[in-house]
Structure formats: structure tokens, C-alpha cells
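There are 2 protein chains.
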Amino acid sequence: MTKSADTKVKDRDDGLDMGPLPNLMGYLTRRAQMAIFEDFHARFADEDIRPAQYSVLKLIALNPGARQTEVSAALGIQRSNFGPMFDALEQRGLVERRPLEADRRSLALYLTASGEAAMVRLDALVEAHEAKFVKRIGLQGKVTLQTLLFLLTSGE
Amino acid sequence: MTKSADTKVKDRDDGLDMGPLPNLMGYLTRRAQMAIFEDFHARFADEDIRPAQYSVLKLIALNPGARQTEVSAALGIQRSNFGPMFDALEQRGLVERRPLEADRRSLALYLTASGEAAMVRLDALVEAHEAKFVKRIGLQGKVTLQTLLFLLTSGE
Chain R
1 MTKSADTKVK
11 DRDDGLDMGP
21 LPNLMGYLTR
31 RAQMAIFEDF
41 HARFADEDIR
51 PAQYSVLKLI
61 ALNPGARQTE
71 VSAALGIQRS
81 NFGPMFDALE
91 QRGLVERRPL
101 EADRRSLALY
111 LTASGEAAMV
121 RLDALVEAHE
131 AKFVKRIGLQ
141 GKVTLQTLLF
151 LLTSGE
Chain A
1001 MTKSADTKVK
1011 DRDDGLDMGP
1021 LPNLMGYLTR
1031 RAQMAIFEDF
1041 HARFADEDIR
1051 PAQYSVLKLI
1061 ALNPGARQTE
1071 VSAALGIQRS
1081 NFGPMFDALE
1091 QRGLVERRPL
1101 EADRRSLALY
1111 LTASGEAAMV
1121 RLDALVEAHE
1131 AKFVKRIGLQ
1141 GKVTLQTLLF
1151 LLTSGE
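Going down the list, the protein sequences come from chains R and A. If you count by my numbering, then the first sequence holds residues 1 to 156, one letter each, in order. If you count by my numbering, then the second sequence holds residues 1001 to 1156, one letter each, in order.
Quick caveat, the hints were computed from the structure, so don't treat them as lab data. There may be inaccurate statements among the hints.
[Unchecked claim] Ranges between beta-carbon positions, derived for each pair:
(1) R:Asp103 with A:Gly1093: 51 to 57 Å
(2) R:Thr112 with A:Thr1069: 44 to 50 Å
(3) R:Pro99 with A:Thr1112: 17 to 23 Å
(4) A:Val1120 with R:Ala102: 54 to 60 Å
(5) R:Arg105 with A:Pro1084: 39 to 45 Å
(6) A:Gln1140 with R:Gly93: 48 to 54 Å
(7) A:Gly1019 with R:Met18: 34 to 40 Å
(8) R:Gly83 with A:Leu1062: 48 to 54 Å
[Stated by the list, open to error] Derived PhoX-like pairs (lysine-lysine); straight-line CA-CA distance at most 25 Å:
(9) R:Lys132 with R:Lys142
(10) R:Lys135 with A:Lys1142
(11) A:Lys1142 with R:Lys142
(12) A:Lys1132 with A:Lys1142
(13) R:Lys142 with A:Lys1135
(14) A:Lys1132 with R:Lys142
(15) A:Lys1142 with R:Lys132
[To be verified] Per the computed footprint, the stretches of chain R lying under chain A, defined by three or more beta-carbons under 8 Å from a beta-carbon of chain A, are:
(16) 27-40
(17) 134-148
Note that CB positions come from ideal geometry on N, CA and C, so glycine has one too.
Could you build all of it, start to finish, from the sequences and the hints given here?
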């Protein structure tokens, strides 16, 4: 067999030259986030809950009566995306909107009794999911990671 | 003014109770990735290039003739998403498909001359984008971050 195009194709199987990509902050954090979310998706498949949905439910559980604008802003979710996401959770009977006492034009968000019950299961799933990753870098590694990611995204 | 519902609403302005959310690995990496991508989007608005599109262009620049399946696998992009993304770049004249010499059923990916010219501009934008974030944590911080994210996403 000659050193032909076949050989070149064979070389490809050893992997592509990634160049500087794996060292870029954006690429690095994106791939890490994707890997973590993949584990989340697998664990939460039966509950049919995505990471952003869990964040919304958790924030409402911690802050019953919070306004929609507060919750979306705190989580960095665009208001145009938050509406449909909340609607879907409401249709599943997990959350509800009620007029805000102090300002009847605003709506306050609450978990339903069914939502409260779901949170017990979801929190347990998150705990196991989180423990898997903390185990890999240790508690000190987690603190260092938090500090670096905080510094990375703070500033002018 | 009495300590009424108004006071409670006022309290909300100080921010919601985030509970354990900011300490969860998934939330942490997602928010960091979002902040980094926000800077990317602002810098690349005139070029109309998103982070995933840059990764695809860069990988093809580094590996001319790579196959579609190799590029999508290396970047963790689902094949169903890769096709339309590549088509859009092809319609803009930045990339092209050619039959693979060793296997005429497969297609090899290349940058066009216009794509090569674009990469010079895009690489310069990425360099400035990256420098902004590295400056915040230093080169040693970057190495530590890389190590932690690698450990975080490696394992059983």
C-alpha cells in the first residue's frame, strides 16, 4: 500500500488539530457547561425538567411572590424567553401567577402545592448531580473555581 | 408610612435570595459562559459570526479537507445542527464541500479564499476578546481554570 490519500484519511482518525480552541475561555467554559448539563439532562429526563427550568422553580421556591421581571433578571433569562418557559411550567401545574398586593398591575410568582412536592424530588436530583462533579475537584477545587469564574466575569 | 406590603416590595429591590444556585457547578459555568459569549457577540456583531460558527471555521482552517462528521464530533455539535450551520456559512461563500478523494461518498470541508481572508479578521477579534478575560485572572489563573474544568468534565 502506497503512502496515498488513504494514509491521509487514516491520520484523521487520530483526531483533528484543535489549535488554540481548547485554550480559549469561551470554548473552555462552554464545553464544561455542556458536559455538566448532559449529566443534568440524563438525571432529569423522567422529571422532564431542564436546568433553566430548575433555576426558575428554585428561585420562586426561595422567593415566593417574586415578580417575573425580578426572576428573569436574576437568572439572566431574556423576558421574551421567560414568558413561554413560565407558561409551560404553569400548564404543568407547578407554578402560578397572582396579582401583587402592593401593585395590582404586577404579577407575583408562586409554586403550587404540586410544585412544592416536585421541588423535594428535584433538589435531591440536583444534590446527587452536584456531588458527582465536586468529587472530581474537591471542595477546595470548587472554591478556587468559583473564585476564578467570579473574577473572570467581573470587571469593567 | 407603615411597615406594609410596600416595604416587602422594597426589600425585593435589594435582590432575590439565590440560595445554593450560584454555588452549583452547572449554574456557575453557564453564567460564566454566558458572560464571555456576550462579549463575543458584541465584538463579532459586524462580522455576524457566532461562537460556534467561529469554532467550525477555525477547525476547518486548521484541518483543510476534514470530514463533516469529524468536525461536528470534535466540537460536540449535533449532526442535525451542524448541517444547517455549515449550509449558512457556505451560502455566505466562506466554506465549501468537495468530494473526498479517498472516499467519493464522503465530503471534505474547506475554507474558500474569502473564508481565509475572513479568518485573519476573526482571529484578531478573538485575540482581543480572549486577552480581556485572561487579564482578569492572569496566566496562572487561566492554567488553574483549565486544569479544574478538565478534571471537572473527565471521569467515569
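May I ask which of the numbered hints given earlier this structure violates, with the numbers listed in increasing order? 3 and 8
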